[in-house]
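Colleague: What follows is each chain in one-letter form.
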Amino acid sequence: MSDSHVSTLPAARHHHDPALLEQFDTIEQQKDVSQLGMWVFLITEIMFFGGLFAAYLIYRNLYNPAFVFASKSIAISYGAINTAVLICSSLTMAMAVHSAALGARKLLILFLVATLALGGVFLGIKAVEYHDKYVEHHIPGPNFDFNYERAENHEEVAPADVAAQTSIFFALYFAMTGMHALHMIIGVGILLVLIWRAHHGAYPPHHYTMVENFGLYWHFVDIIWIFLFPLLYLVSRSPVH
Amino acid sequence: MSTAIQTQALALPTDTYLNSSHGIKSWFLTKDHKRIGILYLVSISLFFLFGGTMASMIRLELLTPAGDLFQSDTYNKLFTMHGIVMVFFFLVPSIPATLGNFVLPIMIGARDLAFPKINLASWYIFIIGAIFTFSAIISGGVDTGWTFYTPLSTQYLTTHVVAAATGIMIAGFASIFTGLNFIVTVHRMRAPGMTWFRLPLFVWSHYAVSVVMVLATPVLAITLILVALERGLHIGIFNPQLGGDPVLFQHMFWFYSHPAVYIMILPGFGVISEIIPCFARKRIFGYAAVAFSSIAIAVFGFLVWAHHMFIAGVSTYSALIFSFVTFLVAIPSAIKVFNWTATLYKGSIHFDTPMLYALAFIGLFTIGGLTGLFLAAVGVDVHVTATYFVVAHFHYVMVGGMLVAYLAGLHFWWPKMTGRMYPEAPAKLSALITFIGFNLTFFPQFVLGYMGMPRRYHVYPPEFQVLNVLSTAGASVLAVGLLMPMFYMLWSLKYGAIAGNNPYRATGLEWQTTSPPPTHNFHETPIVTQDAYDYESETEEVEVVG
Numbered sequence: 001m002s003d004s005h006v007s008t009l010p011a012a013r014h015h016h017d018p019a020l021l022e023q024f025d026t027i028e029q030q031k032d033v034s035q036l037g038m039w040v041f042l043i044t045e046i047m048f049f050g051g052l053f054a055a056y057l058i059y060r061n062l063y064n065p066a067f068v069f070a071s072k073s074i075a076i077s078y079g080a081i082n083t084a085v086l087i088c089s090s091l092t093m094a095m096a097v098h099s100a101a102l103g104a105r106k107l108l109i110l111f112l113v114a115t116l117a118l119g120g121v122f123l124g125i126k127a128v129e130y131h132d133k134y135v136e137h138h139i140p141g142p143n144f145d146f147n148y149e150r151a152e153n154h155e156e157v158a159p160a161d162v163a164a165q166t167s168i169f170f171a172l173y174f175a176m177t178g179m180h181a182l183h184m185i186i187g188v189g190i191l192l193v194l195i196w197r198a199h200h201g202a203y204p205p206h207h208y209t210m211v212e213n214f215g216l217y218w219h220f221v222d223i224i225w226i227f228l229f230p231l232l233y234l235v236s237r238s239p240v241h
Numbered sequence: 001m002s003t004a005i006q007t008q009a010l011a012l013p014t015d016t017y018l019n020s021s022h023g024i025k026s027w028f029l030t031k032d033h034k035r036i037g038i039l040y041l042v043s044i045s046l047f048f049l050f051g052g053t054m055a056s057m058i059r060l061e062l063l064t065p066a067g068d069l070f071q072s073d074t075y076n077k078l079f080t081m082h083g084i085v086m087v088f089f090f091l092v093p094s095i096p097a098t099l100g101n102f103v104l105p106i107m108i109g110a111r112d113l114a115f116p117k118i119n120l121a122s123w124y125i126f127i128i129g130a131i132f133t134f135s136a137i138i139s140g141g142v143d144t145g146w147t148f149y150t151p152l153s154t155q156y157l158t159t160h161v162v163a164a165a166t167g168i169m170i171a172g173f174a175s176i177f178t179g180l181n182f183i184v185t186v187h188r189m190r191a192p193g194m195t196w197f198r199l200p201l202f203v204w205s206h207y208a209v210s211v212v213m214v215l216a217t218p219v220l221a222i223t224l225i226l227v228a229l230e231r232g233l234h235i236g237i238f239n240p241q242l243g244g245d246p247v248l249f250q251h252m253f254w255f256y257s258h259p260a261v262y263i264m265i266l267p268g269f270g271v272i273s274e275i276i277p278c279f280a281r282k283r284i285f286g287y288a289a290v291a292f293s294s295i296a297i298a299v300f301g302f303l304v305w306a307h308h309m310f311i312a313g314v315s316t317y318s319a320l321i322f323s324f325v326t327f328l329v330a331i332p333s334a335i336k337v338f339n340w341t342a343t344l345y346k347g348s349i350h351f352d353t354p355m356l357y358a359l360a361f362i363g364l365f366t367i368g369g370l371t372g373l374f375l376a377a378v379g380v381d382v383h384v385t386a387t388y389f390v391v392a393h394f395h396y397v398m399v400g401g402m403l404v405a406y407l408a409g410l411h412f413w414w415p416k417m418t419g420r421m422y423p424e425a426p427a428k429l430s431a432l433i434t435f436i437g438f439n440l441t442f443f444p445q446f447v448l449g450y451m452g453m454p455r456r457y458h459v460y461p462p463e464f465q466v467l468n469v470l471s472t473a474g475a476s477v478l479a480v481g482l483l484m485p486m487f488y489m490l491w492s493l494k495y496g497a498i499a500g501n502n503p504y505r506a507t508g509l510e511w512q513t514t515s516p517p518p519t520h521n522f523h524e525t526p527i528v529t530q531d532a533y534d535y536e537s538e539t540e541e542v543e544v545v546g
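Residue numbers (the working numbering), protein chains in the order written: chain A, 1 to 241; chain B, 1 to 546.
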């Protein structure tokens with residue numbers, strides 16, 4: 001021990017707060033650490049979706065007419081309703097975190113259940129949308145046919161080469177919304193655990209980092225959708241110059 | 001103080017992380033970063049043996065110009081599996097997950113990493129990934145090359161691409177978790193007085209590597225998911241027949257896999273920066289420059305990926321820019337090499353085994369790095385791309401650099417991990433054999449590549465045979481050098497001399513605790529009052545005593 005002085009452990013170690021993990025000195029440090037960890041995790045998520053956004057950017061430049069056709073073929077109402085649903089779920093999640101901070105257990109559970117319900121609505125609408133795509137033969141693969149029954153439905157028929165290129169748009173559409181939906185499903189799973197644990201009083205006002213971190217995750221998934229909605233549904237609807 | 005060391009040297013400490021609890025469960029459910037480091041060490045050693053066996057079969061086939069040992073399909077699978085196992089299951093986790101896991105928290109005076117459970121989870125994820133990839137290997141193998149280039153991997157091959165890619169994607173999350181853990185730990189878990197500029201350079205390099213792991217690995221994950229979707233559902237994103245662009249795959253793949261080269265080499269820099277000052281008995285020359293050069297390499301590493309694609313149809317202008325930025329990487333790399341050399345200048349150099357490996361590292365990494373500059377120049381690169389020149393270049397960096405640094409670090413911290421010294425004479429001998437065998441294996445490959453021998457073929461024109469025989473002979477020498485440590489390290493677990501807390505009189509907090517350390521690393525939280533590598537004041541003391 002020649003190079004450093006020796007101190008005893010900080011007093012907090014000896015209080016035996018059951019919530020304090022053994023590698024930390026204080027509960028503040030523990031909270032700080034788990035929030036920083038969550039932010040770093042969200043950065044990895046940005047890079048994960050970033051690969052898809054880069055692919056979207058490149059193919060949109062390559063096949064702009066096809067992207068315009070394909071984007072216009074998606075029902076904007078589903079996307080718009082889902083955007084509203086997700087923004088509301090972010091509000092209820094923020095309220096849940098606030099309730100946890102206040103120690104209002106019943107309110108916490110109420111808002112978590114509301115978030116869960118809105119997440120379920122989003123996934124339900126997404127499932128309907130995917131089913132429509134299936135019916136329209138807009139799922140990339142051997143059965144893909146962009147112009148399937150479009151003439152019968154009085155929709156503009158795309159030229160054959162453009163119609164073939166729309167397959168790339170739909171590949172990206174399914175990859176991006178599919179990865180987003182997967183994150184929603186994971187979120188719903190964690191929400192169920194949170195509700196069950198909140199019901200058993202696991203998140204007192206001095207120790208609700210888990211709720212707070214999950215809030216960060218939920219808002220992040222929301223923000224990804226806020227980018228997906230205009231890119232996939234809106235941006236090609238303006239007249240082509 | 002000296003009497004204290006001598007009494008400690010007679011027996012192993014009684015309260016260590018190794019004997020605090022017993023049984024299989026205490027290992028497989030441990031949250032102790034030291035035990036998890038050991039779990040990783042055992043797993044990657046097994047994977048290294050597997051990858052090395054593949055390599056020896058490749059070298060054996062190349063002994064003669066004819067394809068007399070394997071058919072071309074089998075040969076394709078051999079070099080693919082060698083690459084996949086060595087890159088994703090040995091080199092990427094090698095130093096960070098074993099030595100980093102073990103010593104990084106102790107170096108900063110912490111009781112554990114910030115997230116011990118995530119640390120354990122990372123090992124399980126790593127093993128699950130390995131199970132996927134090895135199941136692909138056992139059920140018939142993969143022959144895409146470790147790069148999974150499309151459309152070969154997505155349209156044409158019938159081998160187990162999806163299982164292998166899934167395994168790599170899963171193992172990628174293990175390295176994301178390790179990186180995340182290190183970043184948060186370095187930010188928030190340092191002992192009182194351990195300021196950023198008192199951190200050992202090992203910690204700086206691990207911080208830089210963690211940033212790269214966290215930013216680059218998710219891109220590999222989404223890329224491999226797209227490859228799997230392309231193969232399974234034919235979504236067309238990389239399929240030119242459906243309008244997809246296979247070169248986009250190369251961009252996304254190298255956006256991870258070039259930074260991954262720095263994931264593999266940066267921790268090696270950290271190890272060398274610890275060993276050189278210790279065995280030269282000098283403070284490191286230019287601490288801040290060495291620290292920031294790690295960060296600079298991590299940053300530049302993200303801006304050079306397309307230098308792997310000069311012949312893949314990238315535009316002349318982007319080739320120029322990527323070439324220029326690639327040249328820039330030489331600056332922080334050279335800063336490190338020059339600073340290590342300057343540290344040696346007028347040092348009192350001790351040629352212990354870790355130092356032998358470290359000196360080998362400096363020479364071999366310099367050759368590997370300089371030949372990288374040949375490849376950064378677009379004109380030369382077009383000539384030697386996909387030849388043995390490239391193979392020799394990256395083996396000089398990956399084996400001559402990273403593997404040698406890993407062995408240096410393993411010998412250096414072995415007494416800390418086990419409480420016992422490795423036997424010095426065979427260790428020195430193995431370092432020498434490794435150095436000779438390595439150069440004999442890979443130097444001829446520079447010449448072969450420059451003469452135009454392409455990589456990934458199991459037959460070659462007879463005029464290349466002499467150099468190939470040299471290379472194969474070198475590989476057998478190298479194999480001896482690499483197998484020796486496995487035996488004497490295991491031997492030393494039982495029969496090695498008891499090391500004591502600080503067998504090398506090294507600075508750094510890890511040398512102040514017992515060997516092996518107790519479960520919580522320190523009996524009292526240390527308070528740091530000095531800069532790292534304070535060797536010179538201590539040398540004077542020794543001289544006065546002597």
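A hint or two may mislead.
Unchecked claim - Cut-off 25 Å, straight-line C-alpha distance, at most; resulting in silico cross-link-like pairs (DSS-like, lysine-lysine):
| no. | chain 1 | residue 1 | chain 2 | residue 2 |
| --- | --- | --- | --- | --- |
| 1 | A | Lys106 | A | Lys72 |
| 2 | A | Lys72 | A | Lys133 |
| 3 | B | Lys25 | B | Lys117 |
| 4 | A | Lys31 | B | Lys494 |
| 5 | B | Lys25 | A | Lys31 |
| 6 | B | Lys25 | B | Lys346 |
Stated by the list, open to error - In silico contact screen, one side only, chain A against chain B (beta carbon under 8 Å); selected entries:
| no. | residue |
| --- | --- |
| 7 | Pro18 |
| 8 | Ala19 |
| 9 | Leu20 |
| 10 | Gln23 |
| 11 | Asp32 |
| 12 | Phe48 |
| 13 | Gly51 |
| 14 | Leu52 |
| 15 | Phe53 |
| 16 | Asn61 |
| 17 | Asn64 |
| 18 | Ala75 |
| 19 | Asn143 |
| 20 | Val162 |
Hints listed in this document are in silico derivations from the structure and should not be mistaken for laboratory results.
Values in this document were obtained by computation on a predicted structure and should not be read as measured data.
For every residue, glycine included, the Cβ atom is placed at its ideal position computed from N, Cα and C.
Colleague: Each of the hints needs a verdict: does it hold here or not?
Modeller: Going down the list of hints, with the structure as the test:
Under the criterion of a C-alpha separation no larger than 25 Å, the hint pairing Lys106/A with Lys72/A is inconsistent with the structure, at around 44 Å. Of the supplied pair hints, the one linking Lys72/A and Lys133/A holds, its CA atoms being roughly 13 Å apart against a limit of 25 Å. Restraint check: the Cα-Cα separation between Lys25/B and Lys117/B comes to about 15 Å, which is no more than 25 Å; the hinted pair holds. For the hint linking Lys31/A to Lys494/B, the alpha-carbon distance of about 43 Å lies beyond 25 Å, and the restraint is violated.
The hinted pair formed by Lys25/B and Lys31/A fails the criterion: a straight-line CA distance of about 29 Å is larger than 25 Å. Restraint check: the Cα-Cα separation between Lys25/B and Lys346/B comes to about 51 Å, which exceeds 25 Å; the hinted pair is violated. Annotation: Pro18/A was flagged as interfacial toward chain B, and the flag is violated, the nearest CB pair being 17 Å apart, outside 8 Å. Residue-level restraint check for Ala19/A is violated (minimum Cβ-Cβ distance to chain B is 15 Å; threshold 8 Å).
Interface hint at Leu20/A: violated, since its Cβ lies 12 Å from the closest Cβ of chain B, which is beyond the 8 Å cut-off. Checking Gln23/A against chain B: minimum C-beta separation of about 4 Å stays under 8 Å; hint holds. Checking Asp32/A against chain B: minimum C-beta separation of about 6 Å stays under 8 Å; hint holds. Look at Phe48/A: its Cβ gets to within about 4 Å of chain B, closer than 8 Å, so that hint holds up.
Interface restraint check: Gly51/A against chain B, minimum CB-CB distance 4 Å, threshold 8 Å, status holds. Annotation: interface hint on Leu52/A holds; nearest CB of chain B at approximately 6 Å, less than 8 Å. At a threshold of 8 Å, the smallest CB-CB gap from Phe53/A to chain B is about 10 Å, leaving the interface hint violated. Checking Asn61/A against chain B by beta carbon gives a least distance of about 11 Å; that is not within 8 Å, so the hint is violated.
Taking 8 Å as the C-beta cut-off, the interface hint given for Asn64/A is violated, the closest approach to chain B being about 13 Å. With a least beta-carbon distance of about 21 Å to chain B, the hint placing Ala75/A at the interface is violated under the 8 Å criterion. Annotation: Asn143/A was flagged as interfacial toward chain B, and the flag is violated, the nearest CB pair being 11 Å apart, outside 8 Å. Interface hint at Val162/A: violated, since its Cβ lies 10 Å from the closest Cβ of chain B, which is beyond the 8 Å cut-off.
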